[in-house]
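Asks: The lines below spell out each chain.
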Amino acid sequence: MKTGLTKLVGGEDKMDSKYYATWEEYLAEHPELEGKPEHAISPKIQKYEDAMFVFIMDLLL
Amino acid sequence: MTDAVAMTNERNQIFRDLFSGKTPKRVPISNPATQDFAIQYAGLDLAECQWDLTRLEPVYDKFCQDFFTDTYPGGSIRIPSHYQILGSTPIVMSSSGFMQHPEVVGLLAEEYDEFIASPYDCIVEKILPRLFTELNGAPGKVAMALAKAMRAQSDDLAYLGTIRAKMNAKYGYAAMIGALTEAPFDFVADFLRSFKGISGDVRRYPDKVAAACEAVLPLLIKKGTLPSPGMLGYTFIPLHMAPYLRDKDFATLYWPTFKKLVETMAGMGQNVQLFVEQDWMRYLDYLYELPENTIMRFEYGDAKLVKEKLGKKHIISGFYPITLLQTGTKQQCVDKAKELIDVLAPGGKYWFQADKSVINFEAKGPVAENMSAVLEYVHENGTY
Amino acid sequence: MIDLQVLTQAVGDLDEKAILTMINDFVATNPSGEDAQKVVLACQQGMAIVGELFEKNEYYVGDLIFAGELLSTTIDLIKPVLSGVATQKVGSIVIGTVEGDLHDIGKNIFGSMAEAAGFDVYDLGIDVSPSAFVEKVKEIKPQIIGMSGVLTLAIDSMKNTVKALNEAGLRDSVKIIIGGNPVNEDACKQIGADAFTTNAAEGLKTCQGWVK
Chain A
645 MKTGLTKLVG
655 GEDKMDSKYY
665 ATWEEYLAEH
675 PELEGKPEHA
685 ISPKIQKYED
695 AMFVFIMDLL
705 L
Chain B
136 MTDAVAMTNE
146 RNQIFRDLFS
156 GKTPKRVPIS
166 NPATQDFAIQ
176 YAGLDLAECQ
186 WDLTRLEPVY
196 DKFCQDFFTD
206 TYPGGSIRIP
216 SHYQILGSTP
226 IVMSSSGFMQ
236 HPEVVGLLAE
246 EYDEFIASPY
256 DCIVEKILPR
266 LFTELNGAPG
276 KVAMALAKAM
286 RAQSDDLAYL
296 GTIRAKMNAK
306 YGYAAMIGAL
316 TEAPFDFVAD
326 FLRSFKGISG
336 DVRRYPDKVA
346 AACEAVLPLL
356 IKKGTLPSPG
366 MLGYTFIPLH
376 MAPYLRDKDF
386 ATLYWPTFKK
396 LVETMAGMGQ
406 NVQLFVEQDW
416 MRYLDYLYEL
426 PENTIMRFEY
436 GDAKLVKEKL
446 GKKHIISGFY
456 PITLLQTGTK
466 QQCVDKAKEL
476 IDVLAPGGKY
486 WFQADKSVIN
496 FEAKGPVAEN
506 MSAVLEYVHE
516 NGTY
Chain C
15 MIDLQVLTQA
25 VGDLDEKAIL
35 TMINDFVATN
45 PSGEDAQKVV
55 LACQQGMAIV
65 GELFEKNEYY
75 VGDLIFAGEL
85 LSTTIDLIKP
95 VLSGVATQKV
105 GSIVIGTVEG
115 DLHDIGKNIF
125 GSMAEAAGFD
135 VYDLGIDVSP
145 SAFVEKVKEI
155 KPQIIGMSGV
165 LTLAIDSMKN
175 TVKALNEAGL
185 RDSVKIIIGG
195 NPVNEDACKQ
205 IGADAFTTNA
215 AEGLKTCQGW
225 VK
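Protein chains in written order, with this note's numbering: chain A, 645 to 705; chain B, 136 to 519; chain C, 15 to 226.
Quick caveat, the hints were computed from the structure, so don't treat them as lab data.
Where a beta carbon is used, it is the ideal one built from N, C-alpha and C, also for glycine.
Be aware that one or more of the hints could be misleading.
Unchecked claim - Taking beta-carbon pairs under 10 Å as the criterion, some of the chain B residues facing chain C (in silico): (1) Q235; (2) K331; (3) V337; (4) D342; (5) T462.
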């Protein structure tokens, strides 16, 4: 999972996870979305990916 | 009732000034009591009202009416429905109706390497199924439990959000957003290794503890990120384990990733509020190093010394002892507030909050009256 | 035979490797029950050093917890060679976190230190009702009861527990000590306890004073 955050910390990318995909990673796995309105789809797909992240982390906080 | 919109604007400005290091027109105030208190204060059953949230609107209305505050009081992240659906072991409701965190172990010592390699994978595959019994079983059942729990929590938060919006519109509170995260060491300790576990790890495998903190740091940065950094609000970080560590273990294992977390959040333009729990007096020089205008709410300590060492650079809060509300006279309670304001307000960078949360209400006790008197006093006399 | 002074110091230093090596080597020599007793005593003296370093702010709560774990492991290793010897117990204590409260770190630290000091400790766990305390006291007939709690509501539960012990006619046969964040002199009086503490080492001293 490349979030760009690891660049801020200057470390290795330790957020690589099977359970989280950036839009680019997701699109790479879902070529059926090529040519579809990305500006409408991408924020929504990402919203639920992040909602799950927050839900999971909150269970451990 | 004065114009609530105007009051919100005024309060927003007070907090914007405070957070940016300017001196606001008066000392902002937050009610230290919680939703648990509010439910009991309204004479209702604690367990019932955490399940049936439709009981809460009149609870909050009375709570907001009776206790002066600039920020929305109460709110809860420990709503029982999704915890029940997940078969939660780390957060449970006791016989008294309070949601609490008993000691649990989510991550075994032999799993450190796995966690370090990918914290999120390890969380999903090992830690959550260990801590939440319904996430441990046949895939179909696990998927259903997760879906129901997310839906339940989402519905609950949305409903509480509607109450909050109504109260904000009626009482004109500051419109602040919060995000919750933890220092990496605390995250590895609290639900993963446990208090007992991490105490041994610090001695047995300090390198793994350090590596685990580094590995999980990006997740905690992401967790603490507000929807947009410029919005009025803060990242809230409760600090847990440091007072229980030796100085050298704090220096090598707790501090580095905690510092990076705060610096990263501040670097993104966000305000950070630390709840400095237990006794950090031996770590004041460390706290000084954090980015300017970090908000620090203290549970214990010497208010004078803290103001002296940290008060020019950082925003100080806390110290007001809620136990005094239970044992003191109204005058003693008000005098204590005056004493703290006299020490902490001069020069600015001060927010009136108590040393910790008031969660329990006794009908025959003095807490409600004392708390109301103190909040009124600070409202009327809280100048810099 | 182990160098007992070295062992005591190793316990005081919380040097797990050294302690386990010494104990394992010792047990492998098939020692007498009497020698095993001396080893246990040496460990207890090491725990006293830990307590002292804690009071001097060289050790912190995390170290006390680790010490408790080390001691448990050590005693478990020695137990097989202790059997058949009447171990000298200084007294028995029933402890528990009171009804409504789920916090137990402080109670557990106290429990380990009390065991290390030679007490038989019966730990009822968390969220313990007054009747559960009463039943255990009837069963064990301890010298001391320890009640723990972190939330202020624990005070009420502690009061109720003392009341229950009174009603069962058991109050006069025990000493009661209360521990945790909200306890103080006032609370102690209100509850009807004999002593209070917010420091496990101090609480242990009080208990030792009671069983002399």
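Asks: Run every hint past the structure and note whether it holds.
Replies: So, going through the hints one by one against the coordinates:
no.	hint	result
1	Q235	4 Å, holds
2	K331	5 Å, holds
3	V337	6 Å, holds
4	D342	16 Å, violated
5	T462	6 Å, holds
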